[in-house]
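Please work from the sequences and hints to get the whole structure.
Going down the list, the protein sequences come from chains A and B. Per the UniProt record's numbering, the first sequence runs over residues 1 to 75. Per the UniProt record's numbering, the second sequence runs over residues 1 to 620.
I should point out that these hints are in silico values taken from the structure, not numbers from a laboratory. Where a beta carbon is used, it is the ideal one built from N, C-alpha and C, also for glycine. Just to be clear, a hint being listed does not mean it is correct.
Said to hold, decoys possible - Below, computed lysine-lysine pairings styled on DSBU-like, alpha-carbon distance capped at 30 Å: (1) B/Lys130 - A/Lys51; (2) B/Lys460 - B/Lys374; (3) B/Lys405 - B/Lys374; (4) B/Lys130 - A/Lys20; (5) B/Lys374 - A/Lys51; (6) A/Lys51 - B/Lys460; (7) A/Lys71 - B/Lys142; (8) A/Lys52 - B/Lys254; (9) B/Lys155 - B/Lys142; (10) A/Lys66 - B/Lys405; (11) A/Lys66 - B/Lys460; (12) A/Lys51 - B/Lys254; (13) A/Lys52 - B/Lys460.
Said to hold, decoys possible - On the chain A side, residues computed to face chain B include the following (Cβ under 7 Å): (14) Arg28; (15) Pro47; (16) Gln55; (17) Ile57; (18) Arg62.
Given next are the chains, with one letter for each unit.
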Amino acid sequence: MTLVDMTHGNKFIIDKIEDKDTRLQALRFGISEGSEIECAGLMPGGPVILKKNLQEIAIGRRTAEKISVKKKGMI
Amino acid sequence: MSHCGQTEIDTELQADKKIVLAGNPNVGKSIFFNYLTGIYVSVSNYPGTTLDISSGKMGDAAVYDTPGVYGVGSINDEERVARDIIMSADIIINVVDASHLERDLFLTQQLIDLDKKIIVALNMMDEVEKNNISIDLEALEKELGVPVIPTTAAKNRGLDKLKHSIDQATKGNSIFTNNQELAEEVKNVESETGNKADALMILEEDENIRSQYSSLKTVPALREEIYTARRQRVDQITDQVLSYDQNTSQLARKIGAYMLKPVTAIPMLLVLLYIIYQFIGVFVAQTVVGVTEELIFVENYEPFVRNIIANTIGLENFFGQLLAGEYGILTMAVTYIFGLLLPLVAGFYFLLSILEDSGYLPRIAVLMDRLLQKIGLNGRAIIPMLLGFGCVTMATITTRLLGTKRERIISIFLLGLAIPCSAQLGVIAGLIAQLDVFYILVYVLTIFAVYVLAGTFLNKVLPGESSDLLIDLPPIRLPDLKNVFNKTYQQTAAFVKEAGPIFVLGAALITVMQKTGLLALITRGAEPITVNWLGLPAETATAFVMGIIRRDFGAAGLTSIALTPAQITISLITLTLFVPCIAAMMIMIKERNFKESVYIWFGSWITAFITGGLVNLLIF
Ligand SMILES: Nc1nc2c(ncn2[C@@H]2O[C@H](COP(=O)(O)OP(=O)(O)OP(=O)(O)O)[C@@H](O)[C@H]2O)c(=O)[nH]1
Ligand SMILES: [Mg+2]
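Here's what the structure looks like:
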């Protein structure tokens with residue numbers, strides 16, 4: 001599953017970020033493969049909002065579709 | 001020259017020391033700059049307020065404010081601007097948002113790795129307290145190896161201590177102390193560049209720095225390795241110094257969340273638009289302007305001036321007319337600026353400042369992202385578009401925060417074409433509020449349709465693709481009234497300074513045209529367009545001539561012509577789409593180029609008259 005398949009309010013672990021530029025930008029923001037994030041909102045057909053601790057980031061749909069996640073607790 | 005509140009800054013300051021404020025976007029750098037230099041630069045609650053370097057003096061040292069960045073690099077224009085000044089700094093004051101340490105320390109660590117002398121201002125300590133975060137300051141200082149001063153800039157806490165500690169800035173603990181492999185690589189490149197900072201930037205694949213060393217052999221591309229090592233180091237530090245109490249739930253956070261849930265967000269946005277309309281269109285444009293324009297200027301000030309002129313040089317000669325005639329520079333120009341436009345512009349900037357400081361703008365960007373994608377923009381473009389309702393000139397500069405050149409071209413074009421600025425909008429709101437809902441709808445929908453069509457067209461014809469949204473959302477805050485008033489005052493004063501001389505010149509020009517018979521000639525010559533095609537009285541040609549000088553001048557000119565509701569609607573549509581004002585054109589030439597600006601100018605003429613005529617033909 002990718003970021004766009006998340007459900008509001010649940011926690012997920014970032015599994016893989018395909019695109020290199022996105023991966024590097026995410027590293028700066030504090031999000032890397034293996035980080036735990038919470039889904040703080042989904043605009044229908046639009047951006048996804050991630051929350052990590054107190055920080056909220058909105059990610060456009062095209063990028064979000066390229067970031068895969070897994071449910072927390074599953075390996 | 002100043003353009004709607006943007007002060008031009010002297011970057012060639014002579015000084016012993018170069019102190020640079022650096023940090024992530026929206027962490028409070030500009031407040032520190034204000035404090036250290038006494039110069040006001042704009043402060044707002046959204047990432048990307050500062051897009052240029054500002055400079056000022058503090059004793060013998062020069063202090064520089066920079067655009068916020070998440071790292072030193074070349075991902076976008078802001079980063080390139082910030083990178084050059086950071087690389088040349090003697091001392092860096094790294095402003096850090098203490099409530100977002102994981103994010104902010106990445107840049108801090110990179111600055112340390114670049115071998116710079118650093119002092120950390122750990123800002124937003126009030127947010128830290130509010131959210132029950134605890135930070136072990138001593139451990140943080142020890143891990144980073146640089147002084148850390150806790151501050152709450154917005155409440156003026158810790159600023160004094162920071163100012164007096166600047167000289168204690170030191171080089172900190174780099175990631176290379178625990179990573180032999182990377183340290184070797186840096187040393188290798190350094191032996192050729194003779195400079196550690198440049199060596200690191202080259203290893204981080206920075207093309208610009210790389211191109212300064214043309215003789216350099218191939219260097220391994222290690223950006224991802226270095227970034228990963230840095231991220232690990234930062235996570236290790238934050239694990240050690242931070243602890244959260246997760247169970248805080250605040251009202252501001254809840255409101256922030258409602259602003260992002262479509263079911264609640266859309267009604268909230270509509271309520272906001274309604275409040276803006278009531279405040280500007282009804283309260284300011286009618287009640288306030290009724291007093292300022294009618295009572296103060298038209299009924300008292302103008303007769304007073306005319307009386308003086310009549311008793312001295314006389315009204316019936318050229319100079320009398322120039323000063324106090326129908327388009328007199330002491331009568332009409334002064335009434336328009338101070339009686340009509342000043343209250344509107346001030347009211348508008350007041351609302352805009354509240355919005356800017358509340359943290360709502362980035363959330364509107366998220367809501368609008370999907371729609372803006374359709375015209376080749378992403379949600380962030382809503383920020384220059386909304387600021388464009390304040391002043392198109394300033395908003396044109398703000399388009400720098402957009403990711404690609406393509407997005408900048410599209411948004412600058414749309415700003416010039418279809419976004420009326422506050423002064424114009426105020427006049428429009430005043431005129432339109434007298435009409436039935438039907439006419440208001442025709443006006444709003446027509447402008448909206450032109451906006452969407454033009455955007456779709458540009459999105460189709462321009463090569464390439466636009467970038468995707470990536471924006472961090474600041475917390476919702478209650479705006480600080482002092483900052484709101486300060487910003488409103490600065491921008492309103494800039495408006496008077498910029499528009500004043502143009503209005504005076506414009507008024508003089510119109511009087512000359514009237515006296516020489518040129519105005520009558522144009523009015524007659526334009527009849528096929530004004531009367532036949534647009535269905536307006538012939539004298540509206542004067543308003544269009546005024547509109548070439550400034551659109552708000554033109555809109556103001558309409559207020560003195562008797563028009564039917566349909567005619568008001570058509571002339572407003574045409575004037576809104578009409579050519580951007582002279583100041584906006586100059587900025588467009590500077591930000592883009594001459595050719596594109598000329599396209600925009602002529603494109604506006606054509607679009608304005610075609611649209612106005614079509615509405616006349618099809619609807620009325
Ligand atoms: N609560 C709180 N708010 C602060 C503090 N410092 C700054 N702010 C607010 O944070 C926002 C950003 O301040 P700016 O000075 O514009 O930030 P900046 O770093 O210059 O931002 P950019 O120019 O966009 O990079 C404003 O709304 C400030 O009022 C603080 O210590 N506490
Ligand atoms: Mg700033």
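Now the hints, each set against the structure:
{"no.": "1", "hint": "B/Lys130 - A/Lys51", "result": "18 Å, holds"}
{"no.": "2", "hint": "B/Lys460 - B/Lys374", "result": "10 Å, holds"}
{"no.": "3", "hint": "B/Lys405 - B/Lys374", "result": "17 Å, holds"}
{"no.": "4", "hint": "B/Lys130 - A/Lys20", "result": "37 Å, violated"}
{"no.": "5", "hint": "B/Lys374 - A/Lys51", "result": "27 Å, holds"}
{"no.": "6", "hint": "A/Lys51 - B/Lys460", "result": "35 Å, violated"}
{"no.": "7", "hint": "A/Lys71 - B/Lys142", "result": "36 Å, violated"}
{"no.": "8", "hint": "A/Lys52 - B/Lys254", "result": "16 Å, holds"}
{"no.": "9", "hint": "B/Lys155 - B/Lys142", "result": "27 Å, holds"}
{"no.": "10", "hint": "A/Lys66 - B/Lys405", "result": "24 Å, holds"}
{"no.": "11", "hint": "A/Lys66 - B/Lys460", "result": "25 Å, holds"}
{"no.": "12", "hint": "A/Lys51 - B/Lys254", "result": "14 Å, holds"}
{"no.": "13", "hint": "A/Lys52 - B/Lys460", "result": "37 Å, violated"}
{"no.": "14", "hint": "Arg28", "result": "4 Å, holds"}
{"no.": "15", "hint": "Pro47", "result": "5 Å, holds"}
{"no.": "16", "hint": "Gln55", "result": "5 Å, holds"}
{"no.": "17", "hint": "Ile57", "result": "5 Å, holds"}
{"no.": "18", "hint": "Arg62", "result": "5 Å, holds"}
Checked against the numbered hints given earlier, the structure breaks hints 4, 6, 7 and 13 and satisfies all the rest.
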